[in-house]
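Can you build the whole structure from these sequences, using the hints too?
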Amino acid sequence: MKNKKVDINTIIGYVLIVGLLFWMIYTQQDNLTEDTPKAEPKQTEEVQPQSQDKSSIAQPSESQEQKIPQIDSIKNNQLQNLKGSFDYANINANDEITTIENEVLQLKIANKGGQVVEAKMKQFDTYKGDPVFLVKDNNTKFNIQFQDKSGRIINTTDYYFTPELTQTDNGQRLSMKLKVSEDQYLEYVYQMNSNDYMLDFDIYSQGLKEVVNSPQEPQLNWFLKGFRHAKSISYENRYTEIVYQYEGDKDDYTGQGDVAEEEDSDVDWIAYKQHFFTSILLNDQPFEKAKMISKNLVQDEQVDTLYTKSFESQMPIKFKNGEIAESMNFYYGPADYKVLKQYDRNLNEIVPTGWGIFGWINENIFIPFFGILSGFLGNYGLAIILMTIVVRIVLSPILYKSYLSQAKMKVLRPEINEINEKHKDNAMKRQQETMALYSKTGVSPMSGCLPALLQIPVFYALFQFFPSAFELRQKSFLWAKDLSSYDTIYEWDTYIPLISWVYGNHISLFPILASIAIFFYMTMTTGQNMQTSQPGMPNMKVIMYISPVVMLVFFNNYASGLSLYYFISNLITIGIMLVIKNYIIDDKKILAKIEANKKKPKKKGKFAKKMQEMMKQAEERKKLNNK
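Residue 1 is where the sequence shown starts when you use full-length UniProt numbering, and the numbers rise one by one after that.
Hints are computed from structural coordinates only; laboratory data are not their basis. Predicted, not measured: the structure shown is a model, and the values here were computed from it. There could be a bad hint or two in this list.
Each computed SDA-like pair below joins lysine to any residue, with the alpha-carbon atoms no more than 20 Å apart [stated by the list, open to error]:
no.: 1; residue 1: K128; residue 2: W492
no.: 2; residue 1: K338; residue 2: P368
no.: 3; residue 1: K149; residue 2: G322
no.: 4; residue 1: K291; residue 2: N143
no.: 5; residue 1: K108; residue 2: K122
no.: 6; residue 1: K136; residue 2: E101
no.: 7; residue 1: K401; residue 2: N582
Simulated DEER-style distance windows between Cβ atoms [claimed, not checked]:
no.: 8; residue 1: D264; residue 2: N170; range: 28 to 36 Å
no.: 9; residue 1: D264; residue 2: P215; range: 46 to 54 Å
no.: 10; residue 1: Y545; residue 2: H423; range: 52 to 60 Å
no.: 11; residue 1: E261; residue 2: E288; range: 15 to 23 Å
All residues carry an ideal CB built from backbone N, CA and C; glycine is no exception.
Laid out in structure tokens, this is it:
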């Protein structure tokens, strides 16, 4: 380090810097002193606005007090000018939603249109595990169309209702008023009771006769697009349709197709059925007429479609002394036979149990019986098996008669083959000889068909029962996760032309088991009589192979509960037939009885005589034609 020495240049520098600083301070003070009088006005201008702002906050307080009444005055003038017009309702409009709910159902009603914009089932889920919504995301519209005095068309969905929610002893009451003035309005009243899918829905008006064109009937329009809720959209869509009651106790449906349309009079209720769920509009006084339109929205079943069908109904409403007074009901809930039947409005007809004798069997036998079994066992798969066992035991006498007839035909087979060979070139003679043999032995080929025909009502009734049984929905058994839908052991995503369209993109095991059981059953029954088939009759061997294949393909997308029934039913039938064949029916005894019948003189009945005469006449005409 160098020794410190006095540096004159440094001292001079410090002195100059200090002197410069003092000079700058001095000159700045002089400038401030000289500019003060000139700056005052400027400062006054800056400060003054602030003081004016403060005073203007106190006086604008006055000016605002003067301004607000002016706004209110403008609104009041608008309200006064719009009184008696539907536009009056939209002056203080807002898009609020009011929720009413109970233990099973939640509804959201919008101010705009006063209509239900969301209906949620609180106790049910879709196949994906999401809540079941019947109404959501603008999939519905409930509109009343008027014509006012000026001829303008008024749609209630364009206007805002004023809500008023109150609690009742048993639920909630929501009043929605579309106000034309404070004492003139159209009112929707929703009354929801505890633990109920049905709610009261009343439409009233007050003072509308002074506003609307009374001779022109209001038109009620109810529109809804049905959401997909099930795994198989094709299967769900098959049971999705409009069902309605008209002319007292008649019921009908729109059916399937891209567009289906029906129109009837005196319509009590209209149901938009979505397989296991339904939305229903009921009227205490039937609609004079109603037009129902159903449109299929599923264009490609391989696509994950959101909607199944769209439904629309158009009904005129009657004015009563220029006003509206309609007492209605809305139902949002399961298409469950037992739930719907308790309302005593024939709503159980929404569930397709079958027509005539088939519906009677389901409603009076299978539905109550299955309810008892499932409640007792607590397992719906076991309930199906037990019900199948009972049904087959009850039908076993019919099965015995059918098998006995087949056994008799089997004994007669050598003689029938001999007749066929002897008169192979003469069909008329062959038929006469065969009928004579049947008459002489007391055997009738029809005796085997009649018992089979008696089983058809039971077969068809169960075919209707299982796809409509709400109890089976999402109930599992063995590998089947849902007995109301198909069971899957293997599935694929790739679309295979024709196969995917006919068979689907999955393999169900219960239909395979049922098809195998049907094949063995037909081998035991049809197979033993194949040689007795007459010329011109269908080839029973072909039918024996085709039937299981049809079963395999057709039932692959059907309810696994139905396939389970047919599988168990055919197994039991095969077992009963083996018992009958090996322990009850003796071919030797049957042959002995037939031989004894041949020796007995037979008195021909009127029908047999008539048939014999007709056959003789036909044979004589044939001889004459050949000459």
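We went through each hint and held it up to the structure:
1. With a C-alpha separation of about 18 Å, the suggested pairing of K128 with W492 holds against the 20 Å cut-off.
2. In summary, the hint linking K338 to P368 is supported, as the alpha carbons are separated by about 9 Å, within the 20 Å threshold.
3. For a cut-off of 20 Å, the pair hint linking K149 to G322 stands: about 12 Å separates their Cα positions.
4. Note on K291 and N143: the hinted pairing holds, with a Cα-Cα distance of about 15 Å set against a maximum of 20 Å.
5. About 13 Å separates the Cα atoms of K108 and K122, which keeps this hinted pair within 20 Å; it holds.
6. The hinted pair formed by K136 and E101 meets the criterion: a straight-line CA distance of about 15 Å does not exceed 20 Å.
7. As the CA atoms of K401 and N582 are separated by approximately 15 Å, the hinted pair is consistent with the 20 Å bound.
8. Between D264 and N170 the CB atoms are about 35 Å apart, so this pair conforms to the stated range of 28 to 36 Å.
9. Roughly 25 Å separates the CB atoms of D264 and P215, a value that falls outside the hinted 46 to 54 Å.
10. Separation of Y545 from H423 is about 30 Å and departs from the stated range, judged on CB atoms against 52 to 60 Å.
11. At roughly 18 Å, the beta-carbon separation of E261 and E288 lies within the given 15 to 23 Å, and the hint holds.
The structure fails hints 9 and 10 (numbered hints given earlier, in ascending order).
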